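Using the sequences plus the hints, can you model the full thing?
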Amino acid sequence: MSLTPNETAAILPLAIPAVAACLIPIASLDRDQSTQKWIRAAIFAIAIIALGASFWYTTRIWGSGMQPSYRYLSLDRLAQFAAIFVQISAVYAVLQLWDHLHHEGWVKGEILALLLFSVVGMMLFAATSNLVLMFLALELFSIPLYALTAIVRVRTKAFEGGVKYFLTGAVASSCFLMGIVLLYGMTGSFDLNVIAQSLAKGVLDPLALLGAALLLMGFVFKVSAAPFHQWTPDAYEAAPHPIAGFMSVATKGIAIIALIRVFGAHLVPIAEIGSRAQTAFAALAVITLIIGNLAALSQTNFKRMLAYSSISHAGYLLLGFVAGTTEAHQAILFYLCSYLLMNLGAFGLLSAFGLVGDDTQFRDMRGLGWKRPGIGVAATICFLSLAGIPPTAGFIGKYLLFKELILQGHVVLAIIAIVASLVSVAYYLKPIIAMYMEPPKEDSEPVIAPFAGATVLVSGVLIIVLGLIPGRLLDGLVKPSIIQVQGGAADAEVEVVEISLEELSPNQLKDSF
Amino acid sequence: MSIGELINGSLQAYIAVSFLLFVVGLSIVLMRRSLLVQFMGVELMLNATNLALLAFAKWRGGDVSGTVLYILIIAVAACEAAVGLALIIGLFRRLGSTDTDGADALRR
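Residue numbers (this note's numbering), protein chains in the order written: chain A, 1048 to 1560; chain B, 51 to 158.
Everything labelled a hint here was simulated from the structure, so no lab data went into it. Please read all numbers here as calculations on a predicted model, not as lab measurements. A virtual CB, placed ideally from N, CA and C, is assigned to each residue, including glycine. Certain hints may be false.
Unchecked claim - Have a look at the derived ranges for each label pair, beta carbon to beta carbon:
hint : chain 1 : residue 1 : chain 2 : residue 2 : range
1    : B       : 90        : A       : 1088      : 27 to 33 Å
2    : B       : 74        : A       : 1512      : 33 to 39 Å
3    : B       : 59        : A       : 1252      : 18 to 24 Å
4    : B       : 108       : A       : 1347      : 54 to 60 Å
Said to hold, decoys possible - Chain B stretches covered by chain A per the calculated footprint, using a threshold of three residues with CB under 8 Å from any CB of chain A:
hint : segment
5    : 96-103
6    : 139-153
Written out as structure tokens, the structure reads:
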């Protein structure tokens, strides 16, 4: 079987991390991996190089403007955006893991292999409109995450969180699957385009509606929006800090991007599903905002606070689907970019300060802002951005979302969201107060965390840069992603495919690579 | 009623049974307090979807894509079981039971 360059280009960004994920367990076979530093370094280097190569290749595809596809796998602009998003958050997680695992004294290679498999699954999840492949991708990124949650086996809490995440996750997968089966039963196809066309004709069967609702439930679980959010604080508290950060950013982000594809582009244009979906999104968003923000207020554990904060951010993101316009989808993607930086920065803070095990209370962080001023300032920027205070990227993201919401006439929802983000300032100030206003703990040996510290610093700088000049990201990355998927959803789809085929003559491909 | 009649029953009957199994599985997960039994509930939910899938595939004239997904689901369920059972065994070694009431360290 030989592949055309176009097909190779579609597969390679996923194949590179998949191959690396298979190599890493071989590299970490050695029982002495916890004593031999060069083996550990090699394992981490494989992961970073694979992610870097995949990132480089994806950005080249993006730069050349082509949208390669292979069978059900279509790496269109939105999928490329998703791939870049996941790769960056995975690089963050790997860098932070190096420091965090050394602090825990538990360095194993399989953690990176699982992470890379999860990355492949996530990229695949966003890069297909075939529901069978989507289900397989969902499981490909969920199952490694169940294991990753419980990976530090020396902690009892790790298993507990892992089991809870696994059980709820498996139920959500079953619901997602039932949704797929019902949609297939009503339309006879697993392809979203065919399903949408078939459902648009005639009267909508209640079973198809139930199928769409179950599908939405699976997504809502992955986004960790209320009322399917209970697993989030437990899983995040159990998981190693960088994995919790990766779960909160990448899982949520990829589920939101797939929601844009499945609901935003295909199912919502069907009037009967669309109106109900809008009501559902509005209800989910409001409940999520209220529960997430109120629960976060009473937390004393930094990781649980971040978990509830990530729930409330899911609420803001779902509000974008209530508006449902192209601009709203663009605002969602911009919000995701800023969310990646600020949340991975906030979780990275724990690794950068060398807090291990259960030492993740606010009181464990006291005075650390003065000890490590650079990281303290960068982390403060992350918290202010999470709270949505200008001039940070988080503020721009919220501004774009709320503006679109008001333009579409959902003023009440916008007011609720603004009140929620004002409330959120209260709990984001807690870690800042702990870092700066309280006396430091008795002197301990200095923490060595070069990579985790660097990720926090980079986050802080990028958040300010994005907050001051959001235009480049918006025009360069976010807007093209959404224009393409909307074009793919409308009747113009056939046209789009033809154009992309003409553009993709093999010679041109050779030139661009 | 003969076995032949049962197997060649109507689509509605298959879907009804499938929904029943699905709801039973879900309520097992929600209400039982033993991890292993809850895990069986999850498997029951997956098999309920399998039943619906095969019924739909048969109703659509033996559609191959539906049957293929059925085989994929079995494989995926096995993968899920591998990770899930490993987690349950790990927790059992720590707590000495598979009772979810004991797994409350994260709530404290």
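**Prompt:** Which of the numbered hints are not met once you compare them with the structure shown?
**Reply:** Hints 1, 2 not satisfied by this model.
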